[in-house]
Amino acid sequence: MALFKLTLKELQEKFTSGEITAGEIARAYLLRISQVEPKIKSYISLTPREDLLMNAQAIDDGLKAWRKTEPLMAMPLGIKDNICTKGMRTTCGSRMLETFVPPYDATVMTKFNAQKPLILGKTNLDEFAMGSSTEHSAFGPSRNPWNQQHIPGGSSGGSAAAVAADECVAALGSDTGGSIRQPAACCGVVGLKPTYGRVSRYGLVAFASSLDQIGPITKTVTDAAIMLNALVGHDPLDSTSAKRDFPDFTKSAKKKDIKKLVVGVPQEYFAEGLDPEVSEKIQDAIAVFEGIGGKIQEVTLPSTERAIATYYLIATAEASSNLARYDGVKYGFRAKECKELAEMYHSTRSQGFGPEVKRRIMLGTYALSAGYYDAFYAKAQAVRTLIQRDFEAVFQEVDFLVSPVMPTPAFRLGERLEDPLQMYLSDIYTIPASLAGLPAISLPCGHSSKGLPIGLQLMGRPFEENIVLRAAFAYEHATNWRTKRPIIRS
Amino acid sequence: MADISQKEVEHVAHLAKLDLTEPEKTLFGEQLSQILTFVEQLQEVSTEGVPLTSSVADQESFLREDLPRKGLSQEEALSNAPEANEGFFVVPKIIAK
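Chain order of the listed sequences is A and B.
Residue numbers for the first sequence follow my numbering, beginning at 1035 and rising by one.
Residue numbers for the second sequence follow my numbering, beginning at 246 and rising by one.
It is worth saying that the hints were derived from the structure and are not from the lab.
Zero decoy hints are in this set.
Capping the alpha-carbon separation at 27 Å, the derived lysine-lysine pairs in DSSO-like fashion look like this:
hint, chain 1, residue 1, chain 2, residue 2
1, B, K270, A, K1370
2, A, K1370, B, K338
3, B, K338, A, K1373
4, B, K315, A, K1145
5, A, K1102, A, K1285
6, B, K262, A, K1364
7, A, K1043, A, K1098
8, A, K1289, A, K1518
9, B, K315, A, K1120
10, A, K1290, A, K1329
11, A, K1048, A, K1098
12, B, K262, A, K1373
13, A, K1150, B, K315
14, A, K1370, B, K262
15, B, K315, A, K1364
16, A, K1484, A, K1073
17, A, K1518, A, K1073
18, A, K1289, A, K1043
19, B, K315, A, K1277
20, A, K1484, A, K1039
21, A, K1518, A, K1290
22, A, K1364, B, K338
23, B, K252, B, K262
24, A, K1277, A, K1145
25, A, K1294, A, K1329
26, A, K1039, A, K1145
27, A, K1373, B, K270
Whenever a hint applies, use it, and build me the whole structure from the sequences.
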């Protein structure tokens, strides 16, 4: 079997045993990327061939004496291009940062680099992670490996497409309102948003600070657990990073049943607007959970219908503050030929930001402006408390929740570009867990009649990634969706 | 229905330090009105006595000890500046002649 088809765990085992070298892994992925990248466009920047081969050589040379490896050593990874990589361009999918080369690493990169992985490149995203399709990237959209006329989802669409198209074995994404889970669902791979605070955001370019979280996109649940192990832990450089113990998450992905677990089915997630094909697949998944020992219980989360309005006020307000830093002074783009400072600020921001970013900055600025703060921002933060309380009440009775990830399979490129509100509405099932800071995973649970993947979402209590992973693993192994791969004709 | 006037669009753009073209003003005016109409539904929710969210997942924030540590060098800090000179960021004149 071709190297690029292996899962992270399989590749790790072959490398650890000495069956394959880092050099062979690097060459296999360089070849794969050269074949499919022109069609899928997962990456904004690729590590230069010579650098990658040199890194691989250094790993192999270092191992000659005796073979002591780390879990991610020589593993070929893609990194979402809003995570700072020292010395490697980090664009955020924006003209504003087109030439930005971070002088430091994000904490997650420092953790990764200590294990000597092979960083293949930086993956595409909607500009500043604002979007659900990658169509808002200043560098053009990525394509869905299952059908190139369709979106890969977003905003971590490049990461999800790269994993699905075997252009990396696993990737990092970031999730503010669904940006890991939704593209994972669109591309038929696994995406895990950890609990807010579980993973340091130091070096993640800020979008909405009370929501942003980094997490893995992988081929299997086990791979997600391996990646999570490498990411977690308190970081003094991120004051929201939690001081919590963490288990070995790979131990959660072992059991093939969910005996003694209570599975909650929130009725609001199956209401009007859910595509019948998606609904059917989620119902099938619920039956699978029952078959492997879960006790199914219908529950209600009444504030769900308010989640989108709440989210788009809070996220845009925070974005309008966070993006005030792009002023053409310290880094990034500066408009040319400006005679004075105020003109330079205005011209830089007007030329450097794309339309979706401007729209959100405008909405957020409006919601925070004098006279509107209480009616919009403060109200949204109060409703957010109600959304959290809904979850707290339900988690007294159930161990995890099952739902769709998005109301439809991946839509066609261009289909919703002219109608921002329509695009926002497709985030209905991923936003509530973001607002409440809960861990949530997306994994494949079938295909539409047109052959597009459909995703299943499991949400858990704060810091109970282990239960979410356990349930996801048991489901994955009670079905065979993980073996289905897209065929990309070159 | 929320209706954002052209003047309000211009005011918000000014606060956000954005220059909008005439077509952008019209488009954003329409789209923001539509989005604000949608979010106005929150006014129907009773939140009397409900505290505003200040954290999620029972989170506390942590401050690290106030000890000196190595930061970026001046050279690194200036490495991405559009214009720098002798250790300073350079900007256009603050007050035009």
